[in-house]
Amino acid sequence: MDGSAYTAGAFTGHATNDEVVTIYELFEEDGKAYATLSYQFAWPTITDPDGTERDYIKYPGTCVPHDYAGFSDVVTGMGWSKAGAISYVSEPYKAKIPVNMHVGCMGLAPASHDSVDSIPPMPTGGNLDDKRIGKGTTMYYPVEVAGALLSMGDAHMAQGDSELDGTGIETSITGTFKITLIKAASFPEPWMGVLDFPLGSTTDEYIVHGFTETDYLETYAANPGDIYGASSIDKAMANAYTQTRKFVMAAYGLTEDEANTIITQGIDFGMTQLVDGNWGVHAIVPKAIFADGRQGRRALSAKPGKWTRRKLEAAMKATKAAHARA
Amino acid sequence: MDGSAYTAGAFTGHATNDEVVTIYELFEEDGKAYATLSYQFAWPTITDPDGTERDYIKYPGTCVPHDYAGFSDVVTGMGWSKAGAISYVSEPYKAKIPVNMHVGCMGLAPASHDSVDSIPPMPTGGNLDDKRIGKGTTMYYPVEVAGALLSMGDAHMAQGDSELDGTGIETSITGTFKITLIKAASFPEPWMGVLDFPLGSTTDEYIVHGFTETDYLETYAANPGDIYGASSIDKAMANAYTQTRKFVMAAYGLTEDEANTIITQGIDFGMTQLVDGNWGVHAIVPKAIFADGRQGRRALSANTARKLKARQLETPVADLALSKDTVHWGFFSKLLEPKLTIASGETVVVEMASHHACDDYDKMVKGDAGMESVFEWSDSVKAVSRRGANGSGDGVHVLTGPIYVNGAEPGDILSVEIVDLAPRPNAEGKTYGSNAAAWWGYQARSDKVAGAALASHM
Chain W
1 MDGSAYTAGA
11 FTGHATNDEV
21 VTIYELFEED
31 GKAYATLSYQ
41 FAWPTITDPD
51 GTERDYIKYP
61 GTCVPHDYAG
71 FSDVVTGMGW
81 SKAGAISYVS
91 EPYKAKIPVN
101 MHVGCMGLAP
111 ASHDSVDSIP
121 PMPTGGNLDD
131 KRIGKGTTMY
141 YPVEVAGALL
151 SMGDAHMAQG
161 DSELDGTGIE
171 TSITGTFKIT
181 LIKAASFPEP
191 WMGVLDFPLG
201 STTDEYIVHG
211 FTETDYLETY
221 AANPGDIYGA
231 SSIDKAMANA
241 YTQTRKFVMA
251 AYGLTEDEAN
261 TIITQGIDFG
271 MTQLVDGNWG
281 VHAIVPKAIF
291 ADGRQGRRAL
301 SAKPGKWTRR
311 KLEAAMKATK
321 AAHARA
Chain Y
1001 MDGSAYTAGA
1011 FTGHATNDEV
1021 VTIYELFEED
1031 GKAYATLSYQ
1041 FAWPTITDPD
1051 GTERDYIKYP
1061 GTCVPHDYAG
1071 FSDVVTGMGW
1081 SKAGAISYVS
1091 EPYKAKIPVN
1101 MHVGCMGLAP
1111 ASHDSVDSIP
1121 PMPTGGNLDD
1131 KRIGKGTTMY
1141 YPVEVAGALL
1151 SMGDAHMAQG
1161 DSELDGTGIE
1171 TSITGTFKIT
1181 LIKAASFPEP
1191 WMGVLDFPLG
1201 STTDEYIVHG
1211 FTETDYLETY
1221 AANPGDIYGA
1231 SSIDKAMANA
1241 YTQTRKFVMA
1251 AYGLTEDEAN
1261 TIITQGIDFG
1271 MTQLVDGNWG
1281 VHAIVPKAIF
1291 ADGRQGRRAL
1301 SANTARKLKA
1311 RQLETPVADL
1321 ALSKDTVHWG
1331 FFSKLLEPKL
1341 TIASGETVVV
1351 EMASHHACDD
1361 YDKMVKGDAG
1371 MESVFEWSDS
1381 VKAVSRRGAN
1391 GSGDGVHVLT
1401 GPIYVNGAEP
1411 GDILSVEIVD
1421 LAPRPNAEGK
1431 TYGSNAAAWW
1441 GYQARSDKVA
1451 GAALASHM
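Quick note, the sequences are listed as chains W and Y, same order. Residues 1 to 326 (the working numbering) are what the first sequence spells out, left to right. Residues 1001 to 1458 (the working numbering) are what the second sequence spells out, left to right.
To be clear, the hints were calculated from the coordinates, so they are not data collected in a lab. The beta carbon of each residue, even a glycine, is placed where N, CA and C say it ideally should be. Be aware that a few hints might be false.
[To be verified] In silico DSS-like pairs for lysine-lysine, Cα to Cα no more than 30 Å straight-line:
#, chain 1, residue 1, chain 2, residue 2
1, Y, Lys1339, W, Lys178
2, Y, Lys1324, W, Lys58
3, Y, Lys1339, W, Lys135
[Stated by the list, open to error] Residues from chain W shown here face chain Y by an in silico Cβ test under 10 Å; the list is partial:
#, residue
4, Ala42
5, Pro49
6, Ile262
Only chain Y is shown next, with the shape it has when bound in the complex:
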């Protein structure tokens, strides 16, 4: 492409609507496919062949009559015109985006309405805009009408989680799909009976899709377009959580208390898209964490004590060992006396105590002199008496330090490289941790499966 009509760097004649289009080009390096920025242009005011102005990219299919050297006259010949010259950036930053082709919009016709907008995602799928809906993924959609009526389109070369600026790298592709009907009378998997959202599945993961409204066509039945004024990540997250909880309880036969703690430790929540009215949050459910979960797992750790003891011997001598004198509880403060002073560039070994260790004293404190020192509290002694920022509050984290770095002044940056982290086994060579499904947890904001909310304590 001839760059003579372009300006390098920022746009000079930015259109008032400030919409910028980036054309990407696919390229290959070392056998892998990438997309990179080809050029950018500011959206001009365009008049279509029927005489209507198209100020924004809200009417896809609008053809841009380009100015750049070599562009054919086909578009102009069809009757498209524009108000002024187009502003270009011919040499944008050549980012190297790994190609991850996926289908932005795929789903079944819903039963509730004769026709629905293809933008907001719905229980039967549609415009999920999840970059994981690519090769190797199987989607499961609940069928609402005879024949299912599957459609697909809106392919992307790539996209990050959130689809931040409104569109992926929009492209045209050819897909190959294997389509299987699963009859309700003989669902082979227990989760199939509770599926009311589009579920993704890969070899390693399930992908649960939550939206601002699980079924916006029901919430806004009379005016489905009202969803555009109601977008919320907070609500999408709440729905992603309750859908994930329902899914793992059904799929693996978990109790609600098991589901909450396992979700907390093993499942990631991320932004799917924040642009399609009915915003999406997804949960990544790794299948491996549920392997053989009803089998005893304790046998697997028979060897652990010996191995951990061996590992314990390798633990380096601490520069800051745990004791009541090296920790502060529940606050940061510029007034604290340093517990260690170092020069820049030093490597230090620091022991850190869990503030939840007394959830089971015998397993996480007893026989460990450092831990016993921190947690000593009887009617005569309270080893660490100051807890919390004002000294009387409910301080949380047991923090080791502070470490004073010579020469550090306001405005500088401190870099802390984590060279190693080692468990702190108890006197028997075993290592335990504690998870509290606490009153401040996100799960406490949703109704429990049985119906009662925890939120009364908040």
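Extracted from the complex, chain W is given alone in its bound form:
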């Protein structure tokens, strides 16, 4: 790209709406894929081919008629125009973000409404925006309508937990999916009978998804859009906890008291996304901590092994030395 139309450093003519778009470019180093910042621009006021102004990035698909040298006239030819020149940063900081392709929005059609907004996540999945929903992960969705009606889109090159500024590195991808129907009459796993949220599973972990409202389509049945004014991490965390408790009790046959202490010591809670109205908190359930849990484990510690002996000897030595000093 020719940088002649750009200013280096901070924006000079920042638009009043203060929305900044960063274009990322994929690159490769030592056989690994990364994304780095290519350039940034401040969102201009744009008029679409039908004559409507698009002040903010709230109408995806809006085409930006760029000013930079070499940009074609296709977008202008389609009928898009803008109010003034676009302010660019041509040489942004070249952060090196490891590529972690994932599917931001994948799920099944819900039964409760004829059509629903694709932004807030729901029991049948949808816009979870969890960076773990990538290659090697299997998602389990409760089916609510005949045929399940699976759709997917909103791919990201990468994203951190929270999707802080509103979007991941939005990109287009081709995915390969293996799709398996599990009939209610013969669920092979005990947790399947209590699944009322989209569950992720990898070789090593289950991923439990909690939201501000477990089923916002039920809570706000008449006006589902009300969820946008009710976003709360505190409520999402409370739901992530109760869903995780229910899941591990069902999956491993735990009592509630066992579930609480094991969740506390072995399970991490993190921010999934804080931008999709129905905010998400996830729990990472490592499968290994539940290996053979109903077997006696005490036999394993009958004799202290190398690790324990080394630690204990060092500790005893330190304690003795302290006593000697005193």
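Following the hints, position chain Y against chain W.
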């Protein structure tokens, strides 16, 4: 331990306060250390040697006069007694928790008060309860009093992020610490001048700690205990964000716009603890993403076009290719006509379009027939005219599908295994993505560094 005094399974005589203690035991397997549940008991009502009842585990140091066979009479001899027999679970589920020893409470004496409660974390550290504060981590604390006055304790064998039920696996340990003073007159790192929170650092990461109140001793100066009634994850997250933004801007010389997009793509936020009054949210800052960030990185991708073209050839033929006819825009609906019907167990290849592709049409749409079909819109044609749930709204996600699975009925579960995800290079063999620091982003809820808030559009 003799299990004769125990009941297996759930507690029979659960105390009204419902507090359950789990004793863990360390064990070893294949050279790695784990903790597993040894036994559980319900907290009884205990009377201390001075005659005061201790109903809850709120007075640590209370000694439990146990009933189980083999327990010595030392505790009873010291003068501790209890109201009734203790209810035990002798064979709890033997979870295998990887040992991750860390120091729950370590920090410096604050200047603002003569003495402060050790529970809520503060700018000089204290009870962070972050499981990352273990071997290999260096903590940086701002010094507020002469001599710094460092103390530590509250060790844990392990803990998950959130410390959900109130305590980690509390244990006693011996630690070895290397302590270095960094004088303000000669701070070697630019972030040191803005440090007003306890920062963690490992070989690979910085750990930024945000709290419900960055300095609860200032917010609740007269009654610091008021923090217990004000706990909030939402506020802790807002502070974790602004502290992280400040830290990466200072550490790497970023603009605010660079900081926001890089935080969004590369930094994870998680629950540290939700139990210490001043609740904590942390940010994990991977150091590698900032390596050589002011150097041109474009040279590194000189080879990319060729490699990606080679990769493109390997992309399988799509079962659902992108076009205006295979997508629906901004909604899910049970009324949509299926675009593909499959049997359970099939593997399908699906192309997915980014709804942000027109942020730069030339780089992400032009020359790609599928993408051009989806995004065609002129004064005479709007290829995908229905956008949003009610057809007139501002629909967001371009979704490919729906895929109808034969035999699926309400109550079943659909499993979708992601076998592969491949980028969609443009006609030049390059792949781009777009990130919008948008008006609905979390960053828009905080004041900008310069002072003006974005929130006016919300």
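Do the hints match the structure? See the list:
1. Y:Lys1339 - W:Lys178: Holds, at roughly 17 Å.
2. Y:Lys1324 - W:Lys58: holds (21 Å)
3. Y:Lys1339 - W:Lys135: holds (23 Å)
4. Ala42: holds (9 Å)
5. Pro49: Status holds, d = 5 Å.
6. Ile262: holds (5 Å)
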